[in-house]
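Dock chains B and C against chain A, hints included.
Top line first, the protein sequences correspond to chains A, B and C.
The numbers in the numbering used here rise by one with no breaks, and the one at position 29 of the first sequence is 29.
The numbers in the numbering used here rise by one with no breaks, and the one at position 124 of the second sequence is 124.
The numbers in the numbering used here rise by one with no breaks, and the one at position 51 of the third sequence is 51.
Hint data in this document are derived by calculation from the structure and do not stem from the laboratory.
Hints are not guaranteed to be accurate.
Here are the in silico distance ranges between beta carbons for each label pair [to be verified]:
| no. | chain 1 | residue 1 | chain 2 | residue 2 | range |
| --- | --- | --- | --- | --- | --- |
| 1 | C | I170 | B | G175 | 42 to 50 angstroms |
| 2 | A | M9 | C | L158 | 22 to 30 angstroms |
| 3 | C | L161 | B | P146 | 44 to 52 angstroms |
| 4 | A | I18 | B | I154 | 36 to 44 angstroms |
| 5 | A | A24 | B | V150 | 38 to 46 angstroms |
| 6 | A | W12 | C | L161 | 38 to 46 angstroms |
Just so we're clear, the structure is a prediction, and the values are computed from it rather than from any experiment.
C-beta: ideal position from N, C-alpha, C; glycine also.
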Amino acid sequence: MKWFINSLMGYWILLLAISLGAAALVYQIWLKGRI
Amino acid sequence: MNQKGGGRRRAVFKFTFWTLISVGLATYAFQSYYSGQMVRWYYHTAKFDGYAVNPHAFMDATAEDPAFLDVGGFDTIEGLHAVPVRKGGRLPINATGIISLDEIRSGKRVLMEGDRIKVVKPWVIQESKGFKYKDTFTHKGIRTNPWSGVWNVIIILSLGLALGLMAEGFTDILGIKIDKTTHHVGH
Amino acid sequence: MFEFLIAGITVPVFLLVLVGLTVGMVGGFIGVGGGYMVTPALIVFGFPGYMASGIDMTHIAGKGVVSSIRHRELGNIDWTLALTMIAGTMLGVELGVRVLVHFKGLGISAIVLLITSVVIMLSLFIYTQLETHRAHKKLDQLTREGKEIGREVQTSNLPTLFQSIPLSPIIRCRHARVIISMWVIVLVGTATGFLAGFLGVGGGFIRVPALVYVVGASTHIAVGTDLVEIAFSGSYGALRHSMEGNVDMMAVLFMIGGAMIGAQFGSIATAFVRGPAIRYILSYSLILATVGAILRLLYVMSGQNVEFLSLAAVMLTLGEMIFLCLFILSLVLFAVRHRAGKWVPDWVKSLVI
Chain A
1 MKWFINSLMG
11 YWILLLAISL
21 GAAALVYQIW
31 LKGRI
Chain B
1 MNQKGGGRRR
11 AVFKFTFWTL
21 ISVGLATYAF
31 QSYYSGQMVR
41 WYYHTAKFDG
51 YAVNPHAFMD
61 ATAEDPAFLD
71 VGGFDTIEGL
81 HAVPVRKGGR
91 LPINATGIIS
101 LDEIRSGKRV
111 LMEGDRIKVV
121 KPWVIQESKG
131 FKYKDTFTHK
141 GIRTNPWSGV
151 WNVIIILSLG
161 LALGLMAEGF
171 TDILGIKIDK
181 TTHHVGH
Chain C
1 MFEFLIAGIT
11 VPVFLLVLVG
21 LTVGMVGGFI
31 GVGGGYMVTP
41 ALIVFGFPGY
51 MASGIDMTHI
61 AGKGVVSSIR
71 HRELGNIDWT
81 LALTMIAGTM
91 LGVELGVRVL
101 VHFKGLGISA
111 IVLLITSVVI
121 MLSLFIYTQL
131 ETHRAHKKLD
141 QLTREGKEIG
151 REVQTSNLPT
161 LFQSIPLSPI
171 IRCRHARVII
181 SMWVIVLVGT
191 ATGFLAGFLG
201 VGGGFIRVPA
211 LVYVVGASTH
221 IAVGTDLVEI
231 AFSGSYGALR
241 HSMEGNVDMM
251 AVLFMIGGAM
261 IGAQFGSIAT
271 AFVRGPAIRY
281 ILSYSLILAT
291 VGAILRLLYV
301 MSGQNVEFLS
311 LAAVMLTLGE
321 MIFLCLFILS
331 LVLFAVRHRA
341 GKWVPDWVKS
351 LVI
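Excised from the complex, chain A in its bound form:
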């Protein structure tokens, strides 16, 4: 867990994972079914 904050690469991966998760949530709730 510490590597995800102590290194630039790790932080990048952590934020990307959070962001993609949030994007999936937005898609699931509001965008599914729209072309």
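Just chains B and C, lined up with the frame of chain A:
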């Protein structure tokens, strides 16, 4: 102390003034949109000869359950109407698309049956740049009033200016000092 | 849910405001319009493709003005540079659009255009990332040696090369402290404008690196100056698109509502960081956009059969906006903590002020 008070007063005035302008512009734009003015400017004239329609009215039509549009010189399209238009002619109210004569001649999606237009395929799936989308008759053959372009740009630039200055006023009121970036210290 | 009378669809308004907010923040920070993120997002929301571009371009014009006002206050605009470039930019965009129309007439496919965008964005990413990494290392070294560090450290030799071109008139960009041939600036404007017109984007993600690595401006000035260009080229694009019937003003208004707030955060955030931090965010934006474009390209090449690719491209587009905002907010948070003497990761210390 006086200078501080004067600065504060200026900030409040700046914020209030630009907020009023922003709200005014946004309200004006909103009203133009909802009164139908912007809509009438958008669906202004025809790009080619054909029949002006409101595709929304027959979006659910299928080959098994087609929609039939009454052809006539209606001033306002209400539901299943089709109004003949010529290139450059003004569109009737509620027209949001034009079915071209070529489309009718090809008969794949729409056909002429007597004095009615039969719609069997109101939309097709198309692809562009990797995105699939529903291609309907909406916006087909529509020419927008060119002045609406000028109006759009004036509104958005004025709104951008008003909002930007309103934000500046806001940070001034909060007393947030925005220092100029020092670009060239050291290396 | 809001009914858009012109676009002919209903969309949850908060999505438009959110897109405006996130892209406004990113744009204010790295000096881009963000069209390559917004246009796909609007298409996913249900707007027709031709309207997605038009709505995006119109909102960019307004957002450019909002951001420019804040950057002017921050002292990040070199007006000589901005005004010299404008004519070149407008000419370039017009040329780019005409060449695109010509190629489309010859039957050139969407695949070729997608491949061109991928190649350009990937090359920009590689160069920017490598140079910024070197600059970051240099900053760390200077910190260790206890030397005084300024706002900017840049390790590319290209600006020296371009500044030595003796084509008159040579102009002095006082604020950027750059003395360079006017033709280089005009060429930068024209080339970046051409790519923008051809690829159908705003051009900021090409112009900011060009201002830094060709003209030799500092990153902050490149960002502020580019936003002025974007306000101009966005207005021109907005006019063209409106006349073609590609703009639903209500969608634009909702987006600008969000963009107005986002742009404030993004622009002011630049005051908390050094140049390399901004260039890092720019390079991340490039690589994520490149991956998104590759996914879409693979989807098109698969004959639109592999639906997963399309879904992945959508996820990435939405995720990219959120990612970049989170990173910018992190940098500001770390800067504030560092100023207060609190713990921050080692890699951040030399990036923030």
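Each hint tested on the structure:
For I170(C) paired with G175(B), a C-beta distance near 44 angstroms keeps the hint of 42 to 50 angstroms intact. Remark: the range hint 22 to 30 angstroms for M9(A) to L158(C) is upheld by a beta-carbon distance near 27 angstroms. With their beta carbons about 45 angstroms apart, L161(C) and P146(B) fall inside the hinted range of 44 to 52 angstroms. Range check, I18(A) to I154(B): about 41 angstroms between beta-carbon atoms, so the 36 to 44 angstroms window is met.
Between A24(A) and V150(B) the beta carbons are some 42 angstroms apart, a value that agrees with the proposed interval 38 to 46 angstroms. Here the CB-CB span from W12(A) to L161(C) is close to 32 angstroms, at odds with the stated 38 to 46 angstroms.
Against the hints set out earlier in the document, a violation occurs for number 6 only.
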